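**Q** Same order as they appear, the protein sequences are chains A and B. Heads up: the first sequence at position 146 corresponds to 146 in this note's numbering, and the numbers run straight through without jumps. Heads up: the second sequence at position 172 corresponds to 432 in this note's numbering, and the numbers run straight through without jumps.
In short, the hints are calculated from the structure, not lab data. Be aware that a few hints might be false.
As the list claims (entries may be wrong) - Here are some, though not all, of the chain B residues that point toward chain A, as calculated from beta-carbon distances under 7 Å:
1. Leu319
2. Gly336
3. Pro529
Said to hold, decoys possible - Derived, one-sided and incomplete: chain A residues facing chain B with beta-carbon distance under 8 Å:
4. Pro10
5. Val11
6. Pro57
7. Leu58
8. Pro60
9. Val91
10. Ala92
11. Ala97
12. Ile99
13. Pro218
14. Ala220
15. Cys221
16. Leu223
17. Val225
18. Ile230
19. Gln234
Said to hold, decoys possible - Restraint ranges, calculated between C-beta atoms of paired labels, are given here:
20. Gly429(B) to Ala33(A): 48 to 58 Å
21. Leu391(B) to Ala178(A): 46 to 56 Å
22. Ala417(B) to Arg202(A): 37 to 47 Å
23. Ala178(A) to Arg462(B): 54 to 64 Å
Owing to the predicted nature of the structure, the values given are computational and were not obtained by experimental measurement. Even for Gly, the Cβ is constructed at its ideal location relative to N, Cα and C.
So the chains spell out like this:
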Amino acid sequence: MSAMAEAGAPVADLDVEVLRCERRGSVCRLVLAWPNAFAGARAGQFALLKSLRPGAPLLPRPLSLVPVPGGGLAVVFNIAGEGTRFLAEAVAGERLALIGPLGNAFDAPAEPILIVTDAPHVGTMLALALERRMAGHTDAFVYVTDPAAPHPSDAILLADIAAAGLAPIAAAPGDLAATLAQEARRYIAAGAADFVMAAAQRLAREHDLAGEASLQAPMACGLGVCQVCIHDAQAGRILVCEGPIFPLAVPRFDAGRGHP
Amino acid sequence: MSARLAVEIGALTLPSPVLPASGTFGLAHSRVFDLSRLGAIVPKTVTPGAREGHPAPRLVEAAGGLINAIGIPSVGVTAFIADVLPRYAGLGPPLIVSLSAETVDSFAAATAELAAAPIDGLELNLSCPNLEAAGDLFAANPAATARVVAACRAATALPLWCKLTPVAGAPSEVARAAEGAGADALILTNTMPALALDPSGRPRLANRTGGLSGAPLKPIVLRLVDEVCRATELPLIGCGGVSQLKDALDYFAAGASAVAVGTATLARPSAMARLIDALEAHLEAAGLTAREIVAGGALRAAAKG
Numbered sequence: 001m002s003a004m005a006e007a008g009a010p011v012a013d014l015d016v017e018v019l020r021c022e023r024r025g026s027v028c029r030l031v032l033a034w035p036n037a038f039a040g041a042r043a044g045q046f047a048l049l050k051s052l053r054p055g056a057p058l059l060p061r062p063l064s065l066v067p068v069p070g071g072g073l074a075v076v077f078n079i080a081g082e083g084t085r086f087l088a089e090a091v092a093g094e095r096l097a098l099i100g101p102l103g104n105a106f107d108a109p110a111e112p113i114l115i116v117t118d119a120p121h122v123g124t125m126l127a128l129a130l131e132r133r134m135a136g137h138t139d140a141f142v143y144v145t146d147p148a149a150p151h152p153s154d155a156i157l158l159a160d161i162a163a164a165g166l167a168p169i170a171a172a173p174g175d176l177a178a179t180l181a182q183e184a185r186r187y188i189a190a191g192a193a194d195f196v197m198a199a200a201q202r203l204a205r206e207h208d209l210a211g212e213a214s215l216q217a218p219m220a221c222g223l224g225v226c227q228v229c230i231h232d233a234q235a236g237r238i239l240v241c242e243g244p245i246f247p248l249a250v251p252r253f254d255a256g257r258g259h260p
Numbered sequence: 261m262s263a264r265l266a267v268e269i270g271a272l273t274l275p276s277p278v279l280p281a282s283g284t285f286g287l288a289h290s291r292v293f294d295l296s297r298l299g300a301i302v303p304k305t306v307t308p309g310a311r312e313g314h315p316a317p318r319l320v321e322a323a324g325g326l327i328n329a330i331g332i333p334s335v336g337v338t339a340f341i342a343d344v345l346p347r348y349a350g351l352g353p354p355l356i357v358s359l360s361a362e363t364v365d366s367f368a369a370a371t372a373e374l375a376a377a378p379i380d381g382l383e384l385n386l387s388c389p390n391l392e393a394a395g396d397l398f399a400a401n402p403a404a405t406a407r408v409v410a411a412c413r414a415a416t417a418l419p420l421w422c423k424l425t426p427v428a429g430a431p432s433e434v435a436r437a438a439e440g441a442g443a444d445a446l447i448l449t450n451t452m453p454a455l456a457l458d459p460s461g462r463p464r465l466a467n468r469t470g471g472l473s474g475a476p477l478k479p480i481v482l483r484l485v486d487e488v489c490r491a492t493e494l495p496l497i498g499c500g501g502v503s504q505l506k507d508a509l510d511y512f513a514a515g516a517s518a519v520a521v522g523t524a525t526l527a528r529p530s531a532m533a534r535l536i537d538a539l540e541a542h543l544e545a546a547g548l549t550a551r552e553i554v555a556g557g558a559l560r561a562a563a564k565g
């Protein structure tokens, strides 16, 4: 294999047109004129997107690729800062810088699985849930939300998830362990705050379950070169962009982090 | 690749005057564009021993550029030669290995080890702390610069490109010290030491401080190129805020023979390919070659002196 072939699949770096930008509250859904390189994109993979408007932040933002029921792709994200705010202000016909597809896909089995997420991590896990539902799988979808301090996007996201036929189970942080144990399947796919991920790892250990963790981190190149997106692992560190989907047991999470 | 783009940096002919700034480029960019178009192949900086680098956060956006404190994670020079370097073989452009070390002896020892490897030249990162001088940057001091370059020169006949710092008090003296000790080219410059704070006044980087790169650095480095090109006969590579054709042409006009692109590549991985396209179109429209543009800048710089 040549050095270049060894480096991985081709990555597009293009300016692409916005077809639709739907913003509700702090949730945004963008549909682009995706180039052919994205035709086979799977849940777990992501793109780097950047507004080309004057004043936009320098770096593109990593956003999960989410299948659209009936065909096509979108990115779904929370407006969390300047970069996503600029992207959410895009209008149809505007061009954005698009880099991708990047990252690996989930490798979950055909049997029903347990999907766990929260608002800040919903894009990737929603992608997995939708991809699997479109393939005919019926999974448990646990959405962690704190009734005492809900995320601004919780109500919208839960309604959207329900409208997509995914029947989300809202779990409060205090009920998390019990909810996960009750919904446990042979396989867990989780992308959420550290304390949720630690709980998912504990469940997997105690019941000898396999699974995958979806990680996210501030990122620059997305190609594994700059080494900005580091995450603690059980041994050493990993680069999130070299996933972002990893075996559930590989990353190390702080069980106290993110817990209300 | 058009012959119109070729330039010389000392004894090496570069296919184009656009090359990667160390730390921002890797083999993964072959997923985005044809690496044979680059002026040189510059993998991430290697250090004598293995290093993990700094904790996160390692990078923040600030002042229209970036401040990074990656901490030069490295597998160490021996593992680099065995495991990393073979993957960079045969790409076409000269292969330049960027080396950073903390003492003169460790610079020399790593240079000797790399000299036996199939590479075309070395970039000596002299903008790193010198542990024998209380952590001052090597390139902040002409004598320290000369000691490192002389020690590395004694260890290899390979071209030595010295990457200097923008905070040297006497940059022309540092440049002359590098030239006198056997350097073949100078890269102006590394990042500028900087600090970014969050709204509560806490540092945004885990390492507290980092290096500012990108557009805010360009006018500072451009002035340094303008000054240094009159102090030395060495070819200069401008590095600081290069993303568009205008940036490259400014550096050539100031006296640089090539430009290195870093921050722009982090913002868009195809930045160097786009710049090469733009430069090629510009040269074609003007009926010029890169050698002629570069020579014109050098002549103007000499006239200024």
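**Q** Now, for every hint given, state plainly whether the structure supports it.
**A** We went through each hint and held it up to the structure:
With a least beta-carbon distance of about 5 Å to chain A, the hint placing leucine 319(B) at the interface is held under the 7 Å criterion. Interface restraint check for glycine 336(B): the shortest CB-CB distance to chain A comes to about 14 Å, outside 7 Å, so the restraint is violated. The closest approach between the C-beta of proline 529(B) and any C-beta of chain A is roughly 5 Å, which is under the 7 Å cut-off, so the hint is satisfied. The criterion of a C-beta within 8 Å of any C-beta in chain B is met by proline 10(A), whose closest approach is roughly 6 Å, and the hint holds.
Evaluation of the valine 11(A) hint against chain B yields a held restraint, the C-beta minimum of about 4 Å falling below 8 Å. Hint status for proline 57(A): holds, given a least beta-carbon distance of 5 Å to chain B, under 8 Å. Hint status for leucine 58(A): holds, given a least beta-carbon distance of 5 Å to chain B, under 8 Å. Proximity of proline 60(A) to chain B holds as hinted, the smallest CB-CB distance being about 7 Å (cut-off 8 Å).
Checking valine 91(A) against chain B by beta carbon gives a least distance of about 22 Å; that is not within 8 Å, so the hint is violated. A distance limit of 8 Å between C-beta atoms decides the matter here; for alanine 92(A) the minimum to chain B is near 23 Å, and the interface restraint is violated. A hinted interface residue such as alanine 97(A) counts as satisfied when its beta carbon comes closer than 8 Å to some beta carbon of chain B; here the least separation is about 6 Å, so the hint holds. Checking isoleucine 99(A) against chain B by beta carbon gives a least distance of about 6 Å; that is within 8 Å, so the hint holds.
The interface hint given for proline 218(A) holds, since its Cβ lies 7 Å from the closest Cβ of chain B, which is under the 8 Å cut-off. For alanine 220(A), the suggested interface contact is upheld, since its CB lies about 4 Å from the closest CB of chain B, less than 8 Å. Here the hint on cysteine 221(A) is kept, as its CB sits about 5 Å from the closest CB of chain B, short of 8 Å. Nearest Cβ of chain B to the Cβ of leucine 223(A): about 4 Å, under the 8 Å cut. The hint holds.
Checking valine 225(A) against chain B by beta carbon gives a least distance of about 4 Å; that is within 8 Å, so the hint holds. Annotation: interface hint on isoleucine 230(A) holds; nearest CB of chain B at approximately 5 Å, less than 8 Å. For glutamine 234(A), the suggested interface contact is broken, since its CB lies about 15 Å from the closest CB of chain B, more than 8 Å. Hint check: glycine 429(B) to alanine 33(A), Cβ distance near 53 Å, so the stated range 48 to 58 Å holds.
Range check, leucine 391(B) to alanine 178(A): about 54 Å between beta-carbon atoms, so the 46 to 56 Å window is met. In this structure, alanine 417(B) and arginine 202(A) break the distance hint of 37 to 47 Å, their C-beta atoms being roughly 59 Å apart. Checking the proposed 54 to 64 Å range against alanine 178(A) and arginine 462(B) shows it is violated: the Cβ atoms sit about 37 Å from each other.
Violated hints, listed in ascending order, are 2, 9, 10, 19, 22 and 23; each of the other numbered hints is respected by the structure.
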